[in-house]
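All chains should be modelled from the sequences, with the hints used to inform the complete structure.
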Amino acid sequence: MSGEEEENAAELKIGEEFLKAKCLMNCEVALILEHKYEQLQQMSDDPMNQVSQVFEKSLQYVKRFSRYKNPDAVRQVREYQLAEFELCVLGNLCPETVEEAIAMVPSIKTKGRAHDDDAIERMLNDLSLIKKFE
Amino acid sequence: MKSFSRMFLKVQMPWNVIIPADSLDAKGLMLKKAIVIRLMDEFACKKATKDRGYFMAVTTLESIGEGRVRQNTGDVLFPVVFSGITFKMYRGEILQGVVHKILKHGVFLRCGPVQNIYLSHIKMPDYHYVPGENGIFMNDKHSKIDKDVIVRFIVIGTKWMEAEREFQALVSLEGDYLGPVS
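Chains as they are written, first to last, in full-length UniProt numbering: chain R, 1 to 134; chain W, 1 to 182.
Read the hints as simulated data drawn from the structure, not as lab findings.
Where is the CB? At the ideal position from N, CA and C, for every residue including glycine.
Treat the hints loosely; a few may be bogus.
Computed list of lysine to aspartate or glutamate pairs in EDC-like fashion (alpha-carbon distance at most 16 Å, straight line) [stated by the list, open to error]:
1) 57(R) <-> 34(R)
2) 47(W) <-> 56(R)
3) 57(R) <-> 166(W)
4) 33(W) <-> 62(W)
5) 104(W) <-> 133(W)
6) 57(R) <-> 148(W)
7) 32(W) <-> 62(W)
8) 147(W) <-> 133(W)
9) 46(W) <-> 166(W)
10) 69(R) <-> 34(R)
11) 63(R) <-> 38(R)
12) 46(W) <-> 56(R)
13) 109(R) <-> 99(R)
14) 33(W) <-> 38(R)
15) 131(R) <-> 79(R)
Far from chain R, by Cβ distances over 10 Å, these chain W residues were calculated [said to hold, decoys possible]:
16) 13
17) 75
18) 102
19) 134
20) 138
21) 147
22) 156
23) 158
24) 170
What follows is the structure, given as structure tokens:
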């Protein structure tokens, strides 16, 4: 089955990290659901009949709330060194300031983490640069 | 399950997929496709479960076990393991949703497949209802909560509605950086 997995990852160009991931960002879900929708279009004359309300509403939602549109950008964000859920929240909400980031994801500032304010700021800058250059 | 689960999850699940006898190809070439289609159909019917949340899509078929013929019908049951995407809202999660209905005691929002999210006026600090032909909520800084506005909120509770097979949620704006998003 690993052949199939590689094919999917390559087609979606999302990357190695995604395969291990449990929490997904909106942009990753958008790529997957769009891909699925295209597959359904190839398989059937009437793809809208095949997709459920859940699929349709979710696809609309993730497309609207995706911060990163380009699969390469998505991959870069995914490779960032954060805990999964932290990555997803930051990747989805894109806080602009350190205070906002800490309000959204309080765990990035807990004791024992290497992240001080400067490090958090650098990280936010990197994430917004990825968006700028995608 | 991790304690900090978030919105969209990729999960690996076992499932029993029943393939009607006439869909089976002698060489088994169409088997994977038939299984994926059956899974998607079942997702569409089932919509969601209390434990997993909403079923979105199958991402990979990890394995297909040996098929067992069901005596009465001639269908074949295949135990499969697949990875798929699910959606569930969790208490404490911060999400964005879209307002679709405004009443004087609160607003209703949608977020992904969840169509019934309620934000009570009690949980909108500083916002008050402004009546009119189309009522809205507004605060002292003229920030408006109107239909189709995107609002960032925190989830304070979710409820599984067995009959409708859907989740409802209660959310709040109590917290920094929550509220309408431009």
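* Asked: Which of the numbered hints are not met once you compare them with the structure shown?
  -> Result: no hint breaks.
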